[in-house]
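One-letter residues, chain by chain:
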Amino acid sequence: MIELSESVGVGRPNRPADVKLVQQLLNTHIKALAPLSPLAVTGKIDDATVAAIRAFQAKVVGLSKPDGAIDRGGKTIKALATDAPASSPDPGDQSAINNAAIDTAAHKIGCERAAVKAVTMTEVGIRGPFDAMGRATILFERHLFHKWTNGRFDAAHPDISNAASGGYGKFSAQYPKLERAMALDRAAALKSASWGAFQILGENHKAAGYATVEDFVDAAKTSLAKQIEGFGNFVVADPRLRKALQVRDWTTFARIYNGPGYKKNNYDVKMRQNYEVLGNQP
Amino acid sequence: MKSSAINPDAAVQHRRPALKWGVIAAAALFLPAATLALRPTAASDAALIAKARSVAANTVGDVAIDAAQSFRVVRGKQFKGLLVSGSGEVARDGAGPVHGCFVAAVNADGRIKVIPTIGTDNWEAETCIGVKAVSLLKPDAAGTQRLVLIYDAASPNAAAVEPVVLRWSGRLNTAQIDVAASDKASQAGAETIAEVRTALGI
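Here the protein sequences line up with chains D and W, keeping their order. Just so you know, the working numbering puts 17 at position 17 of the first sequence, and the rest follows in order with no gaps. Just so you know, the working numbering puts 182 at position 182 of the second sequence, and the rest follows in order with no gaps.
No lab work stands behind these hints, which were simulated from the structure alone. One or more hints might be untrue.
[Stated by the list, open to error] Far from chain W, by Cβ distances over 12 Å, these chain D residues were calculated:
| id | residue |
| --- | --- |
| 1 | Leu36 |
| 2 | Pro66 |
| 3 | Glu141 |
| 4 | Glu203 |
| 5 | Asn233 |
| 6 | Thr252 |
[What the hints assert, rightly or not] Below 16 Å or equal to it, Euclidean Cα-Cα: the simulated EDC-like pairs (lysine to aspartate or glutamate) are:
| id | chain 1 | residue 1 | chain 2 | residue 2 |
| --- | --- | --- | --- | --- |
| 7 | D | Lys170 | W | Asp66 |
| 8 | W | Lys184 | D | Asp154 |
| 9 | D | Lys170 | W | Asp121 |
| 10 | D | Lys264 | W | Asp93 |
Computed from a prediction, not measured in an experiment: that's the story for all the values here. Note that CB positions come from ideal geometry on N, CA and C, so glycine has one too.
Chain D with its partners taken away, still in its complex shape (with noise of 0.2 Å):
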């Protein structure tokens, strides 16, 4: 369960951390705060924070009198975290079984706990682990179904088959993408999709872990544990990664991982921001 260590808000004491981590959680409901702007993740209370939290208030958590403060164990911290867009299908109280999961991914990199714990915090915030059907999340890649399939459907499926990258469409479409793709080449289909909060390939199964694409995808689908663990020997497989994560270099970590866009959204900003959060945390 998310948790402030002090409220958030008007009138309140405002530490960075509480600060920093109410803004994630509002701008993963920012469209339903519309017109409101996506928040800056300053850690600072501003105006901008104080106007969303009053939307959120009244839009979602149905106050009929915002008072734009957010206390600890009230309605609002409640509705923010427990009404994140992705959840997992396991309504129970998974954090214990994920704060294992973390200390395992960090003993296996041999890094220190907080750099895994800054690397889910930020992962998660991007799509989460689920989406809102309870189903792992995926972005399917035509162009990897393209290659483990020789190309021989992308005359008829070009849309799910293709040499050229891009044209992902909706994430909703993601999966109808995916069933289409497995009804072709279920192997090759599983393997061009990337899966859970750390959006790990389908076709890096045996870096994370699994000897088939069946079982990795299996395990995406249980629980966010499951990511992490999948995650955690990924890392280990890539020397480079393992070693930017043991030296805290967010730079080089988030340009592996996160791709070309990492730096237009600011990954290792964000990485090294949460670390810092969670490195003064007990």
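Since the structure of chain D is provided, determine the placement of chain W on it from the hints.
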């Protein structure tokens, strides 16, 4: 004398416009009407660009305008408006914000429509790296104007080049994304203006 009927000069003056319109009408049969064209923005466009930025900021965080890929739209010497390319943080359903791009279609009268592109809807899975190229395309048979923007984009797994086709009839601020044409160009693997034209058969 006020009567043109008996004023030779006046009679000549009447014939001149008739001759002028006749020549224009005849020429119109053989010469194409002035077509739309893109031109670099000018210092005089600063106010409209600032307004476009302001409107975009209602839905996009940390707005940045790409001056190199923003253009005046003209028909002959007539100013029709601006196409302003920009980027910033955009919200997504079921996911955290992403760095996305938009194009603001600014009509000459100041009416503005902000059209989100990479990072939103059909491209919500992608981060926008930037605009590579912009070009008008030949209008379709119904006279609907078309334009393509070529974007550099990225998913968590790959870099991609995404063609986004816009279409509009009349005012610029009625422009909208032509999803079918954009998909067709994408599925043909079009990464340049020429390849988009080929993919769309124009």
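Against the structure, the hints:
no.	hint	result
1	Leu36	violated (8 Å)
2	Pro66	holds (20 Å)
3	Glu141	violated (6 Å)
4	Glu203	violated (10 Å)
5	Asn233	holds (18 Å)
6	Thr252	holds (16 Å)
7	D:Lys170 with W:Asp66	violated (25 Å)
8	W:Lys184 with D:Asp154	holds (13 Å)
9	D:Lys170 with W:Asp121	holds (6 Å)
10	D:Lys264 with W:Asp93	violated (19 Å)
In this structure, the earlier hints numbered 1, 3, 4, 7 and 10 are contradicted, and the remaining ones agree with it.
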